[in-house]
Amino acid sequence: MDDGGLPFEGKAASPRRSSCGRHPAREAAAWLIVAALCAYIMVTKLWATDLYQVPIARSSVEGGSDFASARSAIKHLTTQFTSSLEFRDSEHIYRVADSATPAYIGNSSKQEIDSNWDDLILPADIDISDAEAAPLLKHGASIYRDPTTGKYRIELEVFHSLHCLNMLRMRIYSEQYPDMLTENARIHVDHCIESLRELIMCEGNMTPIPIEWSELGGRINPNYAQKHSCRDFNALKAWTRARAAAE
1 MDDGGLPFEG
11 KAASPRRSSC
21 GRHPAREAAA
31 WLIVAALCAY
41 IMVTKLWATD
51 LYQVPIARSS
61 VEGGSDFASA
71 RSAIKHLTTQ
81 FTSSLEFRDS
91 EHIYRVADSA
101 TPAYIGNSSK
111 QEIDSNWDDL
121 ILPADIDISD
131 AEAAPLLKHG
141 ASIYRDPTTG
151 KYRIELEVFH
161 SLHCLNMLRM
171 RIYSEQYPDM
181 LTENARIHVD
191 HCIESLRELI
201 MCEGNMTPIP
211 IEWSELGGRI
221 NPNYAQKHSC
231 RDFNALKAWT
241 RARAAAE
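So in the UniProt record's numbering, the last spot in the sequence shown is 247, and the numbers never skip.
It should be emphasised that the hints constitute simulated quantities derived from the structure, not laboratory data. Just so you know, not all the hints are guaranteed correct.
Stated by the list, open to error - Cβ pair distances, simulated, as ranges:
#	residue 1	residue 2	range
1	N107	K138	47 to 53 angstroms
2	A225	S90	17 to 23 angstroms
3	H76	D98	31 to 37 angstroms
4	H228	D146	19 to 25 angstroms
5	E86	H228	49 to 55 angstroms
6	L168	R88	42 to 48 angstroms
7	D66	D114	25 to 31 angstroms
8	R145	K227	39 to 45 angstroms
9	E86	R197	23 to 29 angstroms
Every residue gets a Cβ at the ideal spot worked out from N, C-alpha and C, and that includes glycine.
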């Protein structure tokens, strides 16, 4: 081989290398140590795989904590978010709104806005069979059973979260919802803030939000109108409507 070959190949593979000074017993002991280390590494790796990786894979395959019967309704799509904030000038901001989106906030059209929220949230409760309830009961859940239908009843998290967001909205617009100023309502709102905090941290959405420069505002401004990977809410809603709890 010419000088362009492996730099140490001639020396390492030289047949003229002397065997003087070799100690078979020491070499055997060294090989035993190497074999033992390899075995230790393999056992440790297998143990770590069984302890840490299998539960993660199982959670991913089985849908985590999603209600098993609802998993067939989970579909994914890319959604363009539309609500963002812009500056009118250095002192004032405005909300960028999508005219095609139903109104969920504001001081006007209370009846329309309440109706839009009802369309999002209701029905929140569904009836489930004994077989569907069995895994929940097995893990210690206490589930109400309707004495008329004999069905167990659950609420799905997405609709509870929307209900909580609506509670915050009504608290903010309390001039239209005076009942939201009671002590019970305050406690309910506190529950909702904590519930939404836990959910947001649980979801851990890592969609990048570009930070842009606003000439009108004279400062940086996050652009929240970004595409997100989402679950198809309409598909989840249709599945839930079909399973709505009996009134």
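Against the structure, the hints:
1. For the pair N107 and K138, the supplied restraint of 47 to 53 angstroms holds, since their beta-carbon distance comes to about 49 angstroms.
2. Roughly 22 angstroms separates the CB atoms of A225 and S90, a value that falls within the hinted 17 to 23 angstroms.
3. At about 21 angstroms, the beta-carbon gap between H76 and D98 misses the expected band of 31 to 37 angstroms.
4. Our hint of 19 to 25 angstroms for H228 and D146 is violated, since their Cβ atoms are close to 37 angstroms apart.
5. At about 20 angstroms, the beta-carbon gap between E86 and H228 misses the expected band of 49 to 55 angstroms.
6. Range check, L168 to R88: about 26 angstroms between beta-carbon atoms, so the 42 to 48 angstroms window is missed.
7. Separation of D66 from D114 is about 29 angstroms and conforms to the stated range, judged on CB atoms against 25 to 31 angstroms.
8. One distance hint, 39 to 45 angstroms for the beta-carbon pair R145 and K227, holds here, with the actual separation near 43 angstroms.
9. Checked against the hint of 23 to 29 angstroms, the C-beta distance between E86 and R197 comes to roughly 27 angstroms, which is consistent with it.
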